[in-house]
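As given, the protein sequences belong to chains A and B, one line each in that order.
End of the first sequence sits at 304 in my numbering; the numbers just go up one at a time, nothing left out.
End of the second sequence sits at 1387 in my numbering; the numbers just go up one at a time, nothing left out.
Don't read these hints as lab results, they were simulated from the structure.
Treat the hints with care, as some may be off.
To be verified - Within a straight-line C-alpha distance of at most 35 Å, the following computed DSBU-like cross-link-like pairs (lysine-lysine) qualify:
hint, chain 1, residue 1, chain 2, residue 2
1, B, Lys1250, A, Lys93
2, A, Lys271, B, Lys1194
3, B, Lys1250, A, Lys282
4, A, Lys7, B, Lys1216
5, B, Lys1244, A, Lys17
6, B, Lys1244, A, Lys196
7, A, Lys284, B, Lys1055
8, A, Lys225, A, Lys164
Here the structure is a predicted model, which means the values were calculated and not measured.
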Amino acid sequence: MKKIPQKVIHRYLRHDKKFPHVWCPGCGIGTILGDFLRAVYNIGIPKDEIVMVSGIGCSGRMPVYVDFNTLHTTHGRAIAFATGIKFSEPRLKVVVISGDGDAAAIGGNHLIHAARRNIDLTIIIINNSIYGMTGGQASPTTPLGDYATTAPFGSIEPEFDLCKLAESAGASFVARTTAYHTMEARQIFEAALNKKGCAVVETIAQCPVSYGKMNQQSSAIEMLKWQKENTVSIKSFDKLSPEKRQDKIVRGIIVDKDREEFTARYENLIKRLQKNESSKEKSKQQAGENQKKSKSKSKKEEKK
Amino acid sequence: MSTDRYNMDRNKPILLQGNEAVALGALDAGLGFFGGYPITPSSEIAEILSNEMPKRGRKFIQMEDELASMASIIGASLVGKKAMTATSGPGFSLMQENIGFGMMTEVPCVVVNVQRGGPSTGLPTSPAQGDMMQARWGTHGDHPSITLYPDSVLECYELAIRAFNLAEKYRTPVFLLLDELIGHMREAVKLPPKDELKIINRVNPNVPPEWYKHFKNNPKYISPLASYGQGYRFHVTGLTHDEKGFPTNKQTEIQAKMDKLLKKITDNLDDLIQVEAFHMDDAEVAIFAAGVVARSAKEAVLRSRKKGKKVGLIRPLTIWPFPDKEVERMLESTKATIIAEMNQGQLINEVLRVTKYQKHAKYIELQRYDGSLITPEDILEKINEVL
Chain A
1 MKKIPQKVIH
11 RYLRHDKKFP
21 HVWCPGCGIG
31 TILGDFLRAV
41 YNIGIPKDEI
51 VMVSGIGCSG
61 RMPVYVDFNT
71 LHTTHGRAIA
81 FATGIKFSEP
91 RLKVVVISGD
101 GDAAAIGGNH
111 LIHAARRNID
121 LTIIIINNSI
131 YGMTGGQASP
141 TTPLGDYATT
151 APFGSIEPEF
161 DLCKLAESAG
171 ASFVARTTAY
181 HTMEARQIFE
191 AALNKKGCAV
201 VETIAQCPVS
211 YGKMNQQSSA
221 IEMLKWQKEN
231 TVSIKSFDKL
241 SPEKRQDKIV
251 RGIIVDKDRE
261 EFTARYENLI
271 KRLQKNESSK
281 EKSKQQAGEN
291 QKKSKSKSKK
301 EEKK
Chain B
1001 MSTDRYNMDR
1011 NKPILLQGNE
1021 AVALGALDAG
1031 LGFFGGYPIT
1041 PSSEIAEILS
1051 NEMPKRGRKF
1061 IQMEDELASM
1071 ASIIGASLVG
1081 KKAMTATSGP
1091 GFSLMQENIG
1101 FGMMTEVPCV
1111 VVNVQRGGPS
1121 TGLPTSPAQG
1131 DMMQARWGTH
1141 GDHPSITLYP
1151 DSVLECYELA
1161 IRAFNLAEKY
1171 RTPVFLLLDE
1181 LIGHMREAVK
1191 LPPKDELKII
1201 NRVNPNVPPE
1211 WYKHFKNNPK
1221 YISPLASYGQ
1231 GYRFHVTGLT
1241 HDEKGFPTNK
1251 QTEIQAKMDK
1261 LLKKITDNLD
1271 DLIQVEAFHM
1281 DDAEVAIFAA
1291 GVVARSAKEA
1301 VLRSRKKGKK
1311 VGLIRPLTIW
1321 PFPDKEVERM
1331 LESTKATIIA
1341 EMNQGQLINE
1351 VLRVTKYQKH
1361 AKYIELQRYD
1371 GSLITPEDIL
1381 EKINEVL
């Protein structure tokens, strides 16, 4: 494996953007951004070829800091914007950064349809189980019974399993990692970026300020420890007894299969149609020439 | 439908539907990307393009909903494609948030709205002109609007091309508003030869990437637009932003951005506004009507003229920005104006606004919102009341 130089992420941050960033102390998004940038460095994708698209929320602010082609869109629609970009210019590497509110609530429809089409997008969902930017409202991934400013008596709604959702909708790559497991996160991001097809990565992140304070986890360290203790890699998970499996969240690459990718399928359609058209043209031309020939023949005959 | 049908001999007339003419106009304007969602009465546009675009190596996609359709065309435009979507009232409502995004981020694209009766699901297959104000004020916040309104199949073709030209020139979403009756009407039309078409493409930056400001403020308020992947690596956000596209809270920068959005339109009204004056030179009574209603009005004008009545028609081809100056000037010496529209009164308020100092004249409303066309007889009845 390539040795990653120190401060490599500085090469990918915008120097004309005034820092500091918007994220709160203890937030997991910065760590995940670092992992992602190291993955980009490791693969060696040129900055000009990456388009980073985000929606609204804390994660939505990520593109402004990075020196790629960046697009900060409306709430939930990042995948739809990204579809227009990728489909128009398949040579670009299009990455979607989304939060749990963005991807699982308001933009859930676009997530399942991107997976169904299997369009070549790298979709990173940063799941902190809460609406952080608006001050801690319940999201579709807030665990049942947990507290939020709009769930003052504990959430009475069961949460989404985003990986199962993406898998059943047809994504060709599905993985889960956390802000704690940085080495694993980087490797998963690399695999997702290299995948030709819809790659969905759920990244569990801590939000001590909005989520933690309402759920007896007010420090980032405590929440990172929770990520360590309550998740288990997919290999170890298979070895666990059924009782022990129940409380554990699976990490690692859950799905990695080959399925025809959408933009490639469309390019094939174009080729097929243009072949048909050109063969039609040829047969027309031939027909025209035959007519001319027969006409000229008849003229000759007339002359005779 | 095959490509052969659209590779016609342009010296001969061809029978075309309004929606078909929009699709053809878009293709001739250089449409590179279409993202849409089925809805009556606009679906023919998507159907035709799904057939024609892949053959030409261009991109067609049916998105999962109208929000996604609008988002996808903005994305496509940011990589340099001329992009369009087509819908009707309910879908147009769903697109509004991303239309605002397109305006704020100054991304060229075209949105076709073949209007039907509303509100809500309303009358899917009946005509209405109820979206005049949705085209003006549909998305939240202050913003100008460019909205074109054809009254014939040929004009559907011409204004579709013009919509792209204006979108590319002024870096903004442009609306093409059709009446259901225009979209589904068939007429024999002779399209202009392709080499006579005037096609405008967006201006690309000619500065090195480190100097490029995506929203550079200049005296004309229109800044060159790079495409993603060209090496400029710029940031686009719906948040109010500075010249480089980065979010800002500074009062001076906010004001500059808002002025830029407004003035690039209001400084170019002469280029944007088209109004047809039909027998208006000596008119004592004027009819103000757009789209399909103007066709009835023309008939009413001709019949009145036969009887010696001096009646004329003002027909805006550009409804937004509203042709203030033109309408005010044309109505200077008329005794009465009949404002005919298939809604409960939308453009009438604009006519009254621009003529508020012309107290000598009468303004008569003629409104129909029962799912049927305003007929020449409806208009003649109103004319008889004043002449």
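Hint by hint, here is what the structure shows:
1. Lys1250(B) - Lys93(A): 34 Å, holds
2. Lys271(A) - Lys1194(B): 25 Å, holds
3. Lys1250(B) - Lys282(A): 63 Å, violated
4. Lys7(A) - Lys1216(B): 32 Å, holds
5. Lys1244(B) - Lys17(A): 9 Å, holds
6. Lys1244(B) - Lys196(A): Judged against 35 Å, a Cα distance of about 33 Å means the pair holds.
7. Lys284(A) - Lys1055(B): 17 Å, holds
8. Lys225(A) - Lys164(A): With Cα atoms ~25 Å apart, Lys225(A) and Lys164(A) stay inside 35 Å; holds.
Checked against the numbered hints above, the structure violates only hint 3.
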